[in-house]
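Q: Just so you know, the sequences run in chain order L, X and W.
First residue of the first sequence? That's 1 in the working numbering, and the numbers climb one at a time after it.
First residue of the second sequence? That's 260 in the working numbering, and the numbers climb one at a time after it.
First residue of the third sequence? That's 356 in the working numbering, and the numbers climb one at a time after it.
The reader is advised that the hints may include incorrect statements.
[To be verified] Here are a few chain X residues that face chain L, going by a calculated C-beta distance under 10 Å:
1) D280
2) E290
3) A299
4) V304
5) N305
6) G311
7) V316
8) S323
9) G324
10) V325
11) D329
12) G337
13) V338
14) Q339
15) Y349
16) A351
[As the list claims (entries may be wrong)] Simulated coverage check for chain L against chain X, where a stretch passes if three residues somewhere in it have a Cβ under 8 Å from a Cβ of chain X:
17) 190-202
18) 223-236
The set of hints was computed from the structure by calculation and includes no laboratory data.
All figures in this text were calculated on a predicted structure; none of them were measured in a lab.
By construction, the Cβ of each residue, glycine as well, lies at the ideal position given by its N, Cα and C atoms.
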Amino acid sequence: MVNDFQVEFIEREDRRARFVARGLTPALANGIRRAMVADVPTFSIDTVRFVENTSVMFDEMIGLRLGLVPLTTPLDDFEPGDTVTVALEVDGPATAYSGDIESADDMVVPADENIPIIELKEGQRLEFEADAVLGYGKDHAKNQGGVAVGYRHLQRVEVVGDAGEFDEQEPNILRGVIEEAAAEHAEGDAEDGDLVATETFGNDLTERYPGKEVEVHDVPEAFVFSVETDGSFDVDELVTRAVASLGDRAAELEEKVAL
Amino acid sequence: MELRVIDKTDEELRIEIGGEDHTFMNVLKGELLQTDTVTAATYDVNPEQSGGQTDPVLSIKTESGVDPLDALAEAARGVQRTADDFTDAYRAGIDA
Amino acid sequence: MSYKCSRCKRDVELDEFGGVRCPYCGHRVLLKERSPNVKEVAVE
Numbered sequence: 001m002v003n004d005f006q007v008e009f010i011e012r013e014d015r016r017a018r019f020v021a022r023g024l025t026p027a028l029a030n031g032i033r034r035a036m037v038a039d040v041p042t043f044s045i046d047t048v049r050f051v052e053n054t055s056v057m058f059d060e061m062i063g064l065r066l067g068l069v070p071l072t073t074p075l076d077d078f079e080p081g082d083t084v085t086v087a088l089e090v091d092g093p094a095t096a097y098s099g100d101i102e103s104a105d106d107m108v109v110p111a112d113e114n115i116p117i118i119e120l121k122e123g124q125r126l127e128f129e130a131d132a133v134l135g136y137g138k139d140h141a142k143n144q145g146g147v148a149v150g151y152r153h154l155q156r157v158e159v160v161g162d163a164g165e166f167d168e169q170e171p172n173i174l175r176g177v178i179e180e181a182a183a184e185h186a187e188g189d190a191e192d193g194d195l196v197a198t199e200t201f202g203n204d205l206t207e208r209y210p211g212k213e214v215e216v217h218d219v220p221e222a223f224v225f226s227v228e229t230d231g232s233f234d235v236d237e238l239v240t241r242a243v244a245s246l247g248d249r250a251a252e253l254e255e256k257v258a259l
Numbered sequence: 260m261e262l263r264v265i266d267k268t269d270e271e272l273r274i275e276i277g278g279e280d281h282t283f284m285n286v287l288k289g290e291l292l293q294t295d296t297v298t299a300a301t302y303d304v305n306p307e308q309s310g311g312q313t314d315p316v317l318s319i320k321t322e323s324g325v326d327p328l329d330a331l332a333e334a335a336r337g338v339q340r341t342a343d344d345f346t347d348a349y350r351a352g353i354d355a
Numbered sequence: 356m357s358y359k360c361s362r363c364k365r366d367v368e369l370d371e372f373g374g375v376r377c378p379y380c381g382h383r384v385l386l387k388e389r390s391p392n393v394k395e396v397a398v399e
């Protein structure tokens with residue numbers, strides 16, 4: 001089978017992106033989505049050794065918060081199961097932030113410095129050493145690199161006629177991305193084939209095509225992916241690693257079938 | 260990934276693929292269904308009365324003269340190609 | 356067993372004969388201090 005994939009970005013930042021992918025089967029789209037959530041490993045604090053905790057929270061509660069702090073994860077340099085030691089020492093009165101966590105490895109550090117862990121009052125103190133382990137999202141949600149990953153169909157809006165002249169036009173709400181198919185009726189500059197995020201016209205088709213009767217259809221084999229990472233790595237890394245994990249499993253299967 | 264053949268005839272195969280879930284199985288099934296020589300392909304992650312079996316069981320039926328194991332190997336190669344092609348398309352999208 | 360008196364804040368060693376009472380100030384409210392050992396917690 002010959003694949004003819006096409007990827008076009010609508011927005012692309014370090015931690016979030018939206019892109020239209022064409023030529024995919026629903027099975028592949030869902031496989032990629034699931035792999036992004038569960039099969040791309042990230043570092044996360046796993047075992048905490050509390051030296052002192054005179055804060056108002058139990059060790060276990062602080063441990064859970066620490067587990068959820070995203071740590072930068074250079075996947076080229078580590079294998080799943082690898083460990084990096086981190087430590088924190090804060091005396092009250094102060095708030096312990098994720099940025100106070102010191103790491104033994106400069107490549108594995110908190111992705112954000114401003115996540116509050118706990119507020120310490122006068123005389124309270126938090127000191128611990130912890131092991132961050134490279135683990136998979138399917139084993140624990142703290143290891144999920146993709147935190148808001150999903151897709152929907154690309155939609156094509158066609159103008160089929162005029163709305164009744166004396167009818168009050170109801171809002172026609174649509175969310176996602178549309179492929180322009182009626183540029184001559186659209187407000188503003190538009191060309192057929194443009195990819196337009198519905199936010200740009202308030203998610204309301206009557207704003208873009210005033211006084212028109214429209215029909216909305218899914219574009220076959222085209223998916224609008226919306227991907228956001230927790231900061232462990234950028235979106236490109238997440239997507240390519242997720243796809244590679246599918247390929248790696250297929251390679252393993254091929255090898256084992258041959259035996 | 261541990262494979263265990265449950266049933267095998269000239270045109271039919273039932274095989275357990277240990278340690279995998281819907282993520283990979285559905286992609287693999289999709290690839291198999293797009294192969295001309297495969298007449299039927301499906302998988303079940305929790306077959307009825309399986310006594311708690313949770314590893315997916317893949318079933319393949321092929322046209323006569325085609326070994327289902329060969330069809331499976333071909334589909335596995337197909338998924339690898341698909342993954343590579345998608346990665347290339349994604350990179351091309353970045354550069355565009 | 357080591358405790359801390361909640362009134363005079365002194366460390367108190369209790370044995371089985373003395374009853375629950377601070378030997379320095381007679382206060383009957385004693386607080387159990389956290390063990391100085393390092394405690395290992397698994398993040399679940």
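Q: Hint by hint, say whether it matches the structure.
A: Hints versus structure:
1. D280: holds, 8 Å
2. E290: With Cβ-Cβ at 7 Å, under 10 Å, it holds.
3. A299: Where the cut-off is 10 Å and the nearest Cβ of chain L is about 16 Å from A299 of chain X, the hint is violated.
4. V304: violated, 13 Å
5. N305: Status violated, d = 17 Å.
6. G311: Violated - the Cβ of G311 of chain X stays beyond 10 Å from chain L, reaching only about 19 Å at its closest.
7. V316: Result: violated, 14 Å to nearest chain L Cβ.
8. S323: S323 of chain X check fails; min Cβ-Cβ to chain L is 20 Å, beyond 10 Å.
9. G324: violated, 18 Å
10. V325: violated, 14 Å
11. D329: holds, 9 Å
12. G337: holds, 6 Å
13. V338: holds, 4 Å
14. Q339: Holds - the Cβ of Q339 of chain X comes within 10 Å of chain L, reaching about 5 Å at its closest.
15. Y349: holds, 5 Å
16. A351: holds, 7 Å
17. 190-202: violated (count 0)
18. 223-236: violated (count 1)
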